[in-house]
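So the sequence lines, in the order shown, correspond to chains A and B. Read in order, the letters of the first sequence correspond to residues 2 to 250 in this note's numbering. Read in order, the letters of the second sequence correspond to residues 920 to 1229 in this note's numbering.
Hints in this document: simulated from the structure, not taken from any laboratory. The model shown is predicted, which means the values in this text are computed figures rather than measured ones. Any given hint could be a false lead.
Dumping the calculated DSS-like pairs for lysine-lysine here, alpha-carbon to alpha-carbon at most 27 Å [what the hints assert, rightly or not]:
1) 946/B x 974/B
2) 1225/B x 1129/B
3) 1055/B x 100/A
4) 1191/B x 17/A
5) 146/A x 51/A
6) 1225/B x 231/A
Here are some of the chain A residues that sit facing chain B, going by a computed Cβ distance under 7 Å [stated by the list, open to error]:
7) 165
8) 219
9) 232
We treat Cβ as the ideally placed atom computed from N, Cα and C, and that holds for glycine.
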Amino acid sequence: MKILVPVKRVVDYNVKVRVKSDGTGVETAGVKMSMNPFDEIAVEEAVRLKEKGVATEIIAVSMGVAQCGETIRTALAMGADRGILVETDADLQPLAVAKMLKVLVDREQPTLVVMGKQAIDDDMNATGQMLAALLGWAQGTFASKVAIEGDKATVTREIDGGLETVALKLPAVVTTDLRLNEPRYASLPNIMKARKKPIETIKPADLGVDPAPRLTVIKVAEPPKRQAGKKVGSVAELVAKLKTEAKVI
Amino acid sequence: MTALVLLEHDAQGIKQPSRSAVAAAQKLGEVHALVTGTGVRAAAEAAAKLPGISKVLVADGADYAHALAEPLAALLVALAPSYDHLLAAATAVGKNVMPRAAALLDSQPISDIAGVEDADTFIRPIYAGNALATVKSSDAKKVITVRAASFDPVAPEGGSAAIADAPAAANPGTSSFVSAELSKSERPELTAARVVISGGRGMQAGENFKLLDPIADALGAAVGASRAAVDAGFVPNDYQVGQTGKIVAPDLYIAIGISGAIQHLAGMKDSKVIVAINKDEEAPIFQVADYGLVADLFTALPELQKELAG
Ligand SMILES: Cc1cc2nc3c(=O)[nH]c(=O)nc-3n(C[C@H](O)[C@H](O)[C@H](O)COP(=O)(O)OP(=O)(O)OC[C@H]3O[C@@H](n4cnc5c(N)ncnc54)[C@H](O)[C@@H]3O)c2cc1C
Ligand SMILES: Nc1ncnc2c1ncn2[C@@H]1O[C@H](COP(=O)(O)O)[C@@H](O)[C@H]1O
Chain A
2 MKILVPVKRV VDYNVKVRVK SDGTGVETAG VKMSMNPFDE IAVEEAVRLK EKGVATEIIA
62 VSMGVAQCGE TIRTALAMGA DRGILVETDA DLQPLAVAKM LKVLVDREQP TLVVMGKQAI
122 DDDMNATGQM LAALLGWAQG TFASKVAIEG DKATVTREID GGLETVALKL PAVVTTDLRL
182 NEPRYASLPN IMKARKKPIE TIKPADLGVD PAPRLTVIKV AEPPKRQAGK KVGSVAELVA
242 KLKTEAKVI
Chain B
920 MTALVLLEHD AQGIKQPSRS AVAAAQKLGE VHALVTGTGV RAAAEAAAKL PGISKVLVAD
980 GADYAHALAE PLAALLVALA PSYDHLLAAA TAVGKNVMPR AAALLDSQPI SDIAGVEDAD
1040 TFIRPIYAGN ALATVKSSDA KKVITVRAAS FDPVAPEGGS AAIADAPAAA NPGTSSFVSA
1100 ELSKSERPEL TAARVVISGG RGMQAGENFK LLDPIADALG AAVGASRAAV DAGFVPNDYQ
1160 VGQTGKIVAP DLYIAIGISG AIQHLAGMKD SKVIVAINKD EEAPIFQVAD YGLVADLFTA
1220 LPELQKELAG
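Start from the sequences and build out the full structure, keeping to the hints where you can.
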């Protein structure tokens, strides 16, 4: 079976993002970009399924500016077989991404789409659920364990009270949580090999999707800053302050 | 304008995050509520008592027993023609179901809102809460999940709404529930507790989380954790506070052996009072803590237990 893995290029999770002074967004010029951490986990899961002989081909898809090609290269170096870059400067939101992914799924006919539960830039946590909806497929979100048997995927999900296991009819969409696996680092030979793997570049119009955003960003602001408080010298002083000054206990 | 809020419930009634979602919905106009599950009469009655709800719709049936996204989204879509806004708390259920319903309605969901400006315009945190975006939706139906910590929940009692059956919707039948492994705790839920005490990698072992128990008992606190503590297997996943775990805003948050990575701060920095105990005086957690104690947690915790008992 084929697995499709959407991978998003985002500001690296170690970067302390700064809001632009004109309030139009956050500063991305000169900032380190990486693959969304949840998508690394998705690629890793797909590669493991291939190593187990469950999957035969892994297609990495990224949508956005030309540099998203680098994110696809990272996926290829981790073990994906080929890439599709949907190149656009548009501000892509989950509905548009899901619609374009649907067209690619119709074309490529994967049995499984594995993707991140959340992009750490927009923190939407929506695209996988939306793609599953548009395809009429089952969804296994926030997965911490995935097992494929025949025409069924058994997915353990991280929910508010603990864990839940669901059975999904394949084809299905799975979104990854942090504890699903630990992604590998690409080895140098694999990085070299990845350079020769094919990446197809297309435009949203080729997929017949209008990527225009439905949410207009009116402004982006800095959240209220917390002031660092004081250091206390002892546990006794701490408890006294919580009682008499903060009055929270 | 009428909004429909998908409620979650348990034996105690309507869950607090859902009551916060109702509070957010009330800023938009008239509010109806949707209660789903099997044998949900008591929950429907609890929903009818929430102040400010004019009608409770009930979908009682096996299809809804486990809050699977596929049948729930289909139900929301069937109900959508009567509503301008569909809301749920940004819980595991809300995050799973609402975007699916949104896609079926050709609407871009507005996830995890922390503020309501007007019927089309909302404030939501992005980049782990390092920025707040004000966004205006151009979609006919707004599909929204609500950051519970940002809205004071409506009271559990005070209203008297009418209860009616929701029309049936077809279950796509693509998924089924297998099992659940729920953490058992006598403590308040993390997202509802007035006090939260969380341990990090500094706790060193799951065993040591026992040091937090008497303190949590004394304070009526919920126990949480950093991702590092969860990843190390000290505590179950549902303890995780942060960007990708639970968002909490208690009156008092106590961070023990937690460094204060942005992803952790994203989940607790709106707490009223923050206390940090860490042996490293340079730990970033001290930059947001109202009260910081530089100490070894293994000496500080027993002392804290004694002080609170005394
Ligand atoms: C995509 C992504 C999402 C993430 N989401 C989350 C999230 O939701 N929540 C979250 O918490 N993290 C999240 N993280 C992880 C986050 O980046 C940090 O790695 C994590 O929060 C660190 O946890 P910690 O503070 O417990 O551990 P550390 O950073 O290792 O800190 C341990 C602290 O304990 C102190 N300590 C050690 N021993 C003692 C002692 N004896 N007494 C007192 N203090 C002691 C140390 O000084 C240190 O400050 C995420 C990361 C990524 C990439
Ligand atoms: N522009 C994009 N290109 C590729 N994949 C994406 C893109 N946007 C979102 N995704 C996928 O959808 C997941 C969830 O993103 P979001 O719904 O924005 O939080 C990500 O982890 C990716 O797997």
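Identify every previously stated hint that the structure contradicts and give their numbers, smallest first. Violated: none.
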